[in-house]
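**Student:** Given next are the chains, with one letter for each unit.
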Amino acid sequence: MALECINGKILHVDLTKRTTWVEEPPESFYRTYGGGSAMGLTYILKETPKGIDAFDPANVMTFFTGMPTGLLISGQSRISVNAKSPLTGAIGDSQSGGFFPARLKHAGFDGIVVRGKAASPVYLWINEGEVEIRDAAHLWGKQTHESEELIKQELKDTNVQILQIGPAGENKVRFAAIISMMNRANGRTGMGAVMGSKNLKAIVVQGALRKKAADPKALTELFLRGTKRIPDTPSSHGLHVDGTAGGVGWQNFTGGLPTRNYNEGQFEGHETIGGDVMTNTILVKRDTCFSCTIRCKRVVETEYKGIKVEGRFGGPEYETIGTFGSYCAISDLSAIALANQMCNQNGLDTITCGATIAWAMESFEKGQLTLEDTGGIDLHFGNADAMLKMVELIAKREGFGNILAEGSAKASKIIGRGTEDNLATAKGQEAPAHMPQVKRSMGLIYAVNPFGADHTQTEHDGSIEETAGEDARLRMSQIGMTNFIKPGVIDKERSKLVAVTQKVLSCVDMMGLCSFVWGVGWVLYFPAELVEMLRAVTGWDLSMEDVFEYGERRINLLRAFNMREGFTRKDDDLAPKFFRPLQGTGPSKGIHYTREEFEGMKDEYYRLMGWDIQTGNPTPEKLAELKLDWVVEVM
Amino acid sequence: MIVNVVLYSSLRLLLPPEKNGKGALEIHDQAILQDLLDQLGIQGEVAVSINDEIVTGRQMNLKPDDTVQVFRPVGGG
Ligand code: SF4
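Order-wise, the sequence lines are chains A and B. Per our numbering, residue 1 is the first one in the first sequence, and the count goes up by one each step. Per our numbering, residue 636 is the first one in the second sequence, and the count goes up by one each step.
Chain A extracted, bound-state conformation (with noise of 0.2 Å):
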């Protein structure tokens, strides 16, 4: 029998030739590449020429769901981005969840190729299966709650979901993001600008076509066991009383929260911008994704000197509230809301911009950039106005805006006068707010991911160290991970947890799944129920084997993009800032990677991937175990 939780079908899209058509691949391709940036990437691979510029119209664009998108069970409606990355000139991607990703299932497709760039603005209207490219000459130059409002209008249906970019992705920051719901981003690798450079500003989604698992009852018996656990798993529980943010206070006291751009471990406002104050000063309701029990979502209202933060704008995750917050010493909440919501209205990554201001921040502190540079804008540490000014000018790349608009690592080329050595970086990516100098096989993730640096794609040290509790190890031997070791110390083990939980964390982001829902640690399911889960809605005969085969498959097409950009072992790196000792105060005081370990960790890191040790690639042997063989004829 057909596989009916999938809709078997794609969309293609050529902007330049304003055609649309619709492609059927067999059910081997959906068994081989589940899903996400996998799928994405067989088209990417294929198709975008090598060494282009990641503005070049030839710049394939994927949009793709996973198999399970748009079923009922909690953490599923997720949505992967990808094309090469103007921030990095690696592969870019990025996920973020709501309710578009489930809805674009339910409009009749699965994923969404984008090609070429149209000769003037336009957004793409899939209503249950039928296409139209729509002028969008209109929307243009609009922020995001705008065009939501113009779009719904004219459409004359206010309950479509809109996937769009605002003014930094026509303005081409390089670290745009997607919005939807105003509120969810896809919002790492400056997939927002990819858009823009198409004059793509939005893609619209309704139906209500409704997929099927192929063992209804197993789902929802499944739906039904994670929603009862909520309320004695704490980390499920205080994601949905407090948000990612609830982790403030753990971060701070294991002096893990990046201070005074990542220069520090411990923030003294700690106690100001915690979850727990979110909750019991400016919250006033939780959301959620398509199907979620856990509702993780934050709606705040607030004012900060005079400007309205408004609820349909979402709340800062726990990374805005880093980036925003300890990154740029500022401790009041509303300040960081209000840079939440002005990044939500603009389309922003909230990572990366924080960070960059932290970046010029500390320049400014040490007299690298002068009011001159700056426009007379005061960047010391702690200014909520300068902060909130920059993103706004940011968005709008006007003044010391324009710089700030290519992130850190590239705005450090351009100033020089030793800026370089302030970045918190990899692959010219900025740092989220979980510190290597804790977490110690942190730093090697955020080197050698395809995408730069990003927190989301191994599971963090506490789940290997001795402290881990009984459920943590359970957790951990489920995925063959049973050696626990002393906190703080650099051991092949890191490796290890690099390399077995990238595999695992990869194959829920190529499914469309929530890490929170189906990660490794700290979530609500174990990662045998992420098998279960996954054989209930295909029917297929998995194993915890075809996870790691699924998520290695991924991983490899990724890396193979970054292979045939040139990209090696030696750009597998981090800032120099995190082989110095850490400042500040707190137990990761004058913790810092030495060359060696760091090289060492790399080395076991790419003979447990199966790569080449010398150049950190993909052989062709992998690739060919993986059914990637068509890999090196692309290449």
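FYI, nobody ran anything at the bench for these hints, they're computed from the structure. Since the model is a prediction, treat every value here as computed from it, not as a measurement. Glycine included, every Cβ here is placed at the ideal spot set by N, Cα and C. A few of these clues could be false.
[Stated by the list, open to error] Distance condition first, Cα-Cα at most 30 Å in a straight line; then the derived DSS-like pairs of lysine-lysine:
| no. | chain 1 | residue 1 | chain 2 | residue 2 |
| --- | --- | --- | --- | --- |
| 1 | B | Lys657 | A | Lys589 |
| 2 | B | Lys657 | A | Lys285 |
| 3 | A | Lys308 | A | Lys156 |
| 4 | A | Lys228 | B | Lys654 |
| 5 | A | Lys589 | B | Lys698 |
| 6 | A | Lys156 | A | Lys211 |
| 7 | A | Lys9 | A | Lys152 |
| 8 | A | Lys496 | A | Lys589 |
| 9 | A | Lys570 | A | Lys410 |
| 10 | A | Lys285 | B | Lys654 |
[As the list claims (entries may be wrong)] Simulated coverage check for chain A against chain B, where a stretch passes if three residues somewhere in it have a Cβ under 8 Å from a Cβ of chain B:
| no. | segment |
| --- | --- |
| 11 | 227-238 |
| 12 | 273-281 |
Go by the hints and put chain B with the ligand onto chain A.
**Tutor:** What follows is chain B with the ligand alone, placed relative to chain A:
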């Protein structure tokens, strides 16, 4: 004896709302850490520190005036 507790994130809801997760708790003199967690009603995976040191097991004796912090660690976000 009396021990001080600081409960982070949603765990703070185990104490009356006005305490916002911070309080002093009476517990029997022979109490081990697990007794305190049971008394608070804490189940599932949490991280615990006693007097600012993260602890591995749950069987250590508590002393009067110890400060026990209980966290919900985070992996992502
Ligand atoms: S846990 Fe949060 S982010 Fe994940 S699916 Fe549920 S509501 Fe969405």
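**Student:** With reference to the structure, classify each hint as holding or not holding.
**Tutor:** How the hints compare with the structure:
1. B:Lys657 x A:Lys589: Distance of about 27 Å is within 30 Å: holds.
2. B:Lys657 x A:Lys285: holds (25 Å)
3. A:Lys308 x A:Lys156: With Cα atoms ~28 Å apart, A:Lys308 and A:Lys156 stay inside 30 Å; holds.
4. A:Lys228 x B:Lys654: holds (28 Å)
5. A:Lys589 x B:Lys698: holds (29 Å)
6. A:Lys156 x A:Lys211: Given that 30 Å is the threshold and the Cα spacing comes to 26 Å, the pair holds.
7. A:Lys9 x A:Lys152: Cα-Cα ~26 Å, so holds.
8. A:Lys496 x A:Lys589: Given pair A:Lys496, A:Lys589 holds - Cα atoms ~26 Å apart, limit 30 Å.
9. A:Lys570 x A:Lys410: holds (18 Å)
10. A:Lys285 x B:Lys654: holds (22 Å)
11. 227-238: holds (count 6)
12. 273-281: holds (count 3)
When the structure is compared with the earlier hints, no violation turns up for any of them.
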